[in-house]
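First residue of the sequence shown? That's 1 in full-length UniProt numbering, and the numbers climb one at a time after it.
Careful: at least some of the hints might be erroneous.
[As the list claims (entries may be wrong)] Capping the alpha-carbon separation at 25 Å, the derived lysine-lysine pairs in DSS-like fashion look like this: (1) K186 <-> K164; (2) K11 <-> K69; (3) K336 <-> K617; (4) K293 <-> K164; (5) K333 <-> K323; (6) K630 <-> K336; (7) K226 <-> K164; (8) K336 <-> K323; (9) K323 <-> K244; (10) K87 <-> K244; (11) K606 <-> K476; (12) K476 <-> K630; (13) K573 <-> K395; (14) K323 <-> K476; (15) K456 <-> K116; (16) K69 <-> K244; (17) K116 <-> K87; (18) K278 <-> K293; (19) K278 <-> K226; (20) K456 <-> K646; (21) K617 <-> K333; (22) K226 <-> K293; (23) K293 <-> K262; (24) K11 <-> K87.
I should point out that these hints are in silico values taken from the structure, not numbers from a laboratory.
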Amino acid sequence: MTELLIPLVNKLQKVTATLEQELDLPQLVVIGGQSSGKSSVLEALVGRNFLPRGTGIVTRRPLVLQLNKAPEGENAEYGEFAHQPGKVYADFDAIRNEIEAETDRVTGRNKGISAKPIILQITSPHVLPLTLVDTPGIARVPVGDQPRDIEAQIRNLVLEYITKPGAIILAVQPANQDLATSDALKLAADVDPAGHRTIGVLTKLDLMDAGTDALDIMLGKVVPLKLGIVGVVNRSQADVVASKSVAAGLSAEAAFFANHPKYGPIAESCGTAYLAAKCSTLLGKHIRRTIPKLKSQITGLHAETLAELESFGTEPYSGREGKRVFVLQILNKISKTFADQVDGHTHSATRENTLTTDELNSGARIRYVFQNVLADALDDIQVELSTADIRTAIKNAAGTAPALFVPEAAFELLIRTQIARLGEPLLHAADLVHNELLRALSSLDLPELERFSHLKDSSSEVAADLLRSCMRPTRKMLSNLVDCELSYINTNHPDFTRGPELLANSDSTVDDYEPAPRAAPSRPVHSSSSESSGPASFLWSLFSSGSDESSRATDARGTASRSPPEVLRVDGKLSRMETVQVNLILRLLDSYLGIVKKNLHDMGSKAIMHFLVQNAKDNMQRALVSNLYKDELTERLLREDQRVVKHRAALEHKLEVLEDANDLLQMAEIHHLDLDDEWDPLTDAGSHHTSGSHRSRRRSLGSSAMGARGRRDDDDEYRPRSRW
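Could you put the whole structure together from the sequences, leaning on the hints where they help?
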């Protein structure tokens, strides 16, 4: 049945070659260093010269070699490439040339490598059914214009193939080199440390030094591999140049082992013929065990592909009116999904739950702007006034009557300069929220938007215009809020710390300070009686005395004939009372600025939410419908993006490929290719079943195989058949 199983996998490999996600198909992977004899082993298995030869890296792309035994009575030998379906190569020199040409088409001529495989199927009456993958020879030093990391590239490529559980590794190693430095055996040990799926192939036995042999190596005494080590003798480069045929080489190989004093007793387990038979048997058994897993993998891929294809949707409309209705449905969906994104009701058309724990999104990001970005920006604004600024304001507010009542004009003048600085953080917060709304629009998870690129672009443009129009009243309202704070300085605010309170708690108070007695003002409007309260009376009593002291100091220094300069600024050392005045003014400014910050943070956030966010949500559906729900736009809006068209075609092709692969496995079930569950060295390495302990049983790939049993046997990887 091996003759049927391996061609089955070859067909699976062929039909699934276009899949981006490869199936883990059972196959033999040939690895080895440069000049290890890999190519000679493969040609010996095929019986023909067909591989490129030369120095350096010759194999620069993986070559998937599918060997099919020709039906009885047919003597034709030919090859077919998967990238040239239907073209038959009867000339094996032409096969070699096409391998070189196809390699250059992908990798160029600079000796670079590519992981994209070349699939070659060879049919011949002289081969055993096998599937092998020839990988690039492991190189250590780049030559010519090869990439500097060529060793790492080759290593990663080889590991990509041999890491798969479905791979049986053929590690090729020359017998005339030290096994301790074998690149092939080291790579195999990295992925198969127990040696359960590695076959050693020892080449160049005829080139060993006189008096030495590799008998202990082939008997597994040096490198223990559960699947054993097979010695082969290939044609030398001189034989190839001399056009010595593969058949002649195989005859010489058989004679070498039969007549060798050390290898004679084990000659039947040496040579290319034995290696081919061993590999074919092992591969057949391995295929039997992996077919249920393959069916499960194909079924899963089919379900995923079908779901993705359905997510693009079909054409749920007919006629002109049907298309208009469909456009209206999409526009309504865009509006609702946008509002849900902002409100935190995140959902997706393709997934049940799209709430993420990785990062904040949509409405949560807007809240972050308010609670963190805007709050921090406002807190960072502190009173920025110099002592000279404050002294100048006090003196200017006193005017010509330094001893009389000083109004709150100085305080109001100074606090307004600080309040005006709070407008910029508000406007910046509005810009950030505007950007977050654009971000929410661009992240709408709607398949229709991916399917219809014109509709996506047009709806994005309309939505962006709506957001821009909402920004105008938003910015105006934020400016008005700052203007409101500037227009009325409410020193009677309950949270405002007044002068007497600051004076009582200030470290800057002067304990023995008492204002000088002064006559009562002649007009009641300037009264500063003890019944007066608040900053006005406090600032009057404090600042007026300070002004007198400063005036007296100025008068003492001045002369009658001295004239003021063109630009007059405060100068000189602060008096004792001026120090108190400046410190208290600073504290009053800080207290009141804190109140304004709270007001603007609260009202600014609300203004942005109302004029920008809420307006955008409330008017999105109207804006989309009024601009896009038009007869003349329907056809253009529903024109599918070419990328979607190509992707849908690729998905449909992938479905066909998977269904073909499933059909092949169904045929295997019909023909009962999953034979008795015999010992498989790949899974039961090291154990031996005798006729007394081995239970022969038959199982089917299909769901009908459960039958009346309705169970799975002990070590049976049963998978029910998927019906599509």
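Now for the hints, and whether the structure bears them out:
1. K186 <-> K164: holds (17 Å)
2. K11 <-> K69: holds (14 Å)
3. K336 <-> K617: holds (8 Å)
4. K293 <-> K164: holds (13 Å)
5. K333 <-> K323: holds (15 Å)
6. K630 <-> K336: Holds. K630 to K336 sits at ~20 Å (cutoff 25 Å).
7. K226 <-> K164: Roughly 18 Å between the alpha carbons, so the hint for K226 and K164 holds.
8. K336 <-> K323: Holds, because 20 Å separates the two Cα atoms, which is no more than 25 Å.
9. K323 <-> K244: violated (73 Å)
10. K87 <-> K244: Outside the cut-off at roughly 29 Å; violated.
11. K606 <-> K476: holds (14 Å)
12. K476 <-> K630: Measuring from Cα to Cα gives roughly 33 Å; hence the hint is violated.
13. K573 <-> K395: Distance of about 15 Å is within 25 Å: holds.
14. K323 <-> K476: With Cα atoms ~41 Å apart, K323 and K476 exceed 25 Å; violated.
15. K456 <-> K116: Violated, because 36 Å separates the two Cα atoms, which is more than 25 Å.
16. K69 <-> K244: Within the cut-off at roughly 24 Å; holds.
17. K116 <-> K87: With a Cα-Cα distance of about 20 Å, the restraint between K116 and K87 holds, given a limit of 25 Å.
18. K278 <-> K293: holds (24 Å)
19. K278 <-> K226: holds (13 Å)
20. K456 <-> K646: holds (18 Å)
21. K617 <-> K333: holds (13 Å)
22. K226 <-> K293: holds (24 Å)
23. K293 <-> K262: violated (44 Å)
24. K11 <-> K87: holds (16 Å)
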